[in-house]
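Residue-level listing of the chains:
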Amino acid sequence: MSAIARDDAASAAEAVAVHNARVTWEGCSVLLDINDGDRLVFCRLSPAATVKIGNNNYSLRPLIGCPFGSLFQVDSGADGPFLSRVDPSSQGKEVPDSIDESKDNRALVDNNKAQTLTGEDINAMRSQGATGDEIVEALIANSATFENKTSFSQEKYRLKKQKKYAPKILVRRPFTRSICEAYFKKYPHRIGFLRVDTLSLLLSMANVTANSNILVVDTLSGILTGAVAERLGGHGHVCSAYMGGTPYSLDIVRMFNFSSEICKRIVSCSISDLSTTDTANSENNGKHVAATESQPMTLQPSDMEDVTVSLEKETSYNLTETNGSFNLKPCKSSKAGEPASAEVVRMWKESGFSSLIIGAPDIDPWSIIKGLLPLLSHSAPFAIYHQYLQPLATCMHNIQQEKLAIGLQINEPWLREFQVLPARTHPHMQMSAFGGYILSGTKICGSAG
Amino acid sequence: MLPTDETKQLSFNRRIAEGDLVIVYERHDTMKAVKVIAGSVLQNRFGVYKHSEWIGKPFGSKALSNKGRFIYLLAPTPELWTLVLNHRTQILYIADISLVVMYLELVPGCVVLESGTGSGSLSTSLARAVAPSGHVYTFDFHEERAASAREDFEKTGLSNLVTVGVRDIQGEGFPDEFIGLADSVFLDLPQPWLAIPSAEKMLKQDGVLCSFSPCIEQVQRSCEVLRSSFTDIRTFEILLRSYDVREVNIKDSNEDGLVVSGSRKRRQFSQEDAEENSGHQVLARPSPEARGHTGYLTFARLKCL
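In the order they appear, the protein sequences are chains A and B.
Using full-length UniProt numbering, the letters of the first sequence correspond one by one to residues 1 to 449.
Using full-length UniProt numbering, the letters of the second sequence correspond one by one to residues 1 to 305.
Looking at chain A on its own, in the form it has when it is part of the complex (with noise of 0.2 Å):
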């Protein structure tokens, strides 16, 4: 045990820092932010790598070296538009502060007339090589109704204008934070509907810390797997158990920017093997370790040369790049979701893991959590995420009658944001109804403590 337990306390600081690291490097992966959220996409920085806007493709080369929280906009030069980083220091956005205006939209005619400046006229401006900026000062010159709006509204036409003709990307840092919320705002589906409220309350009930054996049934693309491998930062280990003989994929787990020492701390097991008694299990590890090799869903962390990943599949916007593309070829560091070693999976036998989080929406939690629960050591807890509540509830009370974990409790947390601005301070009109179901609790000792 003690010979896996011990950290190179070295290269597990080197790991922290370089998934800590606040400044992009050259094959890092980040979280392309357009217009204020109206748009995110994962890309992995190279100097070949590109992102599609509007019509019109970037390079990506400019991103490489920026801090994390960098703005860029496009610019116009020589050579064509291209993206440059927003001087922070010119940012400054002057917000309307007047609210006892006297302005209302009661003049307002909806024709279709308010402004002048037709579609050639603006391209005719940028062939000319005016920056977006000075569009949308020229649109909002040549709008009839724009003097009578009211200093809000005013705002909000520009802003409208900017998105469109000023594009903003922000460089976001690749956390569970940001990847958890970009796929729940673009692809819930792929992480079952799963919140980042309710994936932090997960990881929270299931004391996910550094130096600790954490097992996952994760069905939700990996984002389980990757959230717990964040906490863990390199010290400890992360198995992905699985059913039958093929790993369930951890797509999402690329999306972070983790060090080779980090990926070789996320490791699966399927759950048989997990489950079995020692001498078996040595073969049947073999045999899986084998099984697993020739299998595409162990992935890779990265891939330099590879373009962009784009989140957006059926993509109602303008993104044309490949998507879900990285190169699956085996690479020479080590990888995320290898087959746990023999020695590790005998140390998980000897002394349980501390703790466990299911997130598996295709799989009965009763039916599985019986036979996990024993893996874990006397005093764990557990999470189980679920979308639908009777499950977990007949899951509860099984659970109860079997005396197997107390503490136990479902919960839904409700999260609503607010717009907070001078007068203005209300909930936001849209919000997630919905976040789904958690139930928790901690194993205790059976009869033979």
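Check each hint, because a few of them may be wrong.
Only pairs whose alpha carbons sit at most 30 Å apart, straight line, appear in this in silico BS3-like list of lysine-lysine [unchecked claim]:
#1 A:264 x A:349
#2 B:303 x A:163
#3 A:185 x B:204
Here are the simulated distance ranges between beta carbons [as the list claims (entries may be wrong)]:
#4 A:47 x B:234: 32 to 42 Å
#5 A:152 x B:228: 18 to 28 Å
#6 B:175 x A:148: 51 to 61 Å
#7 A:36 x B:26: 46 to 56 Å
#8 A:110 x B:179: 46 to 56 Å
#9 A:27 x B:293: 38 to 48 Å
Hints were generated in silico from the structure; no laboratory data involved.
Glycine included, each C-beta is placed from N, C-alpha and C at the ideal position.
Go by the hints and put chain B onto chain A.
Coordinates of chain B only, in the frame set by chain A:
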């Protein structure tokens, strides 16, 4: 509380030992933190429990009182600690805590600044997130409260991860030694806007600040100050709805004779029948009482230079 010490890690072989902190569980709403000392006893409405009988048992075991009533002995976690700690102030609970840790983007190795310390409920979870190599520096202007918090971190084994300072952060700001070193800052102060300019200096670029305030007026003023150097300013309210699960007997109207008016004989038969076929169902409904408001969480990201 945290598995930094290998010998204290939870495992099948881990036994309760002298000096361990255990969470004594009577019911889901009746728990207590107890330090195990041979020769000491715990007394509650179920009788007297000898600590000496606990030593050598695994965590998660039952312990019997002199009257034969049992409790469970659980290993402490930040979640359980939040339920048992001494309230010196209003504390943060699991829903707010979880969202704070997630949105502050805490990972092992991070440095996080907090003020006020209060009862240390959040600090415990912050420490768990940044362990083993990160650190939580937490400040409270109340000397006794800081001292009690320090004792608590000693008790929970977190004192190597949490440093408690006595300082009026609203008045003096965070100490200069942390300038540019904090990955995240958390404020739970009556006038957070006074501390924001200092928090801004402490944060690394793109670092995240969170301010927790019960009142919307506080949020309003904080956001006005945040707008000058922060971006991505978002305010949330998070609540938990918990569910009661029961096995309920719901009768079928056709079988209990209420609708089908039949003979007495028929009715008796139906009742037996209904029980056998079990109108018993496991059902869930929201608990009738819940916390309606804790506070607003405002997150903001330091603008990049």
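Here is how each hint holds up against the structure:
no. : hint                      : in the structure
1   : A:264 x A:349             : 20 Å, holds
2   : B:303 x A:163             : 20 Å, holds
3   : A:185 x B:204             : 28 Å, holds
4   : A:47 x B:234: 32 to 42 Å  : 34 Å, holds
5   : A:152 x B:228: 18 to 28 Å : 20 Å, holds
6   : B:175 x A:148: 51 to 61 Å : 53 Å, holds
7   : A:36 x B:26: 46 to 56 Å   : 50 Å, holds
8   : A:110 x B:179: 46 to 56 Å : 53 Å, holds
9   : A:27 x B:293: 38 to 48 Å  : 46 Å, holds
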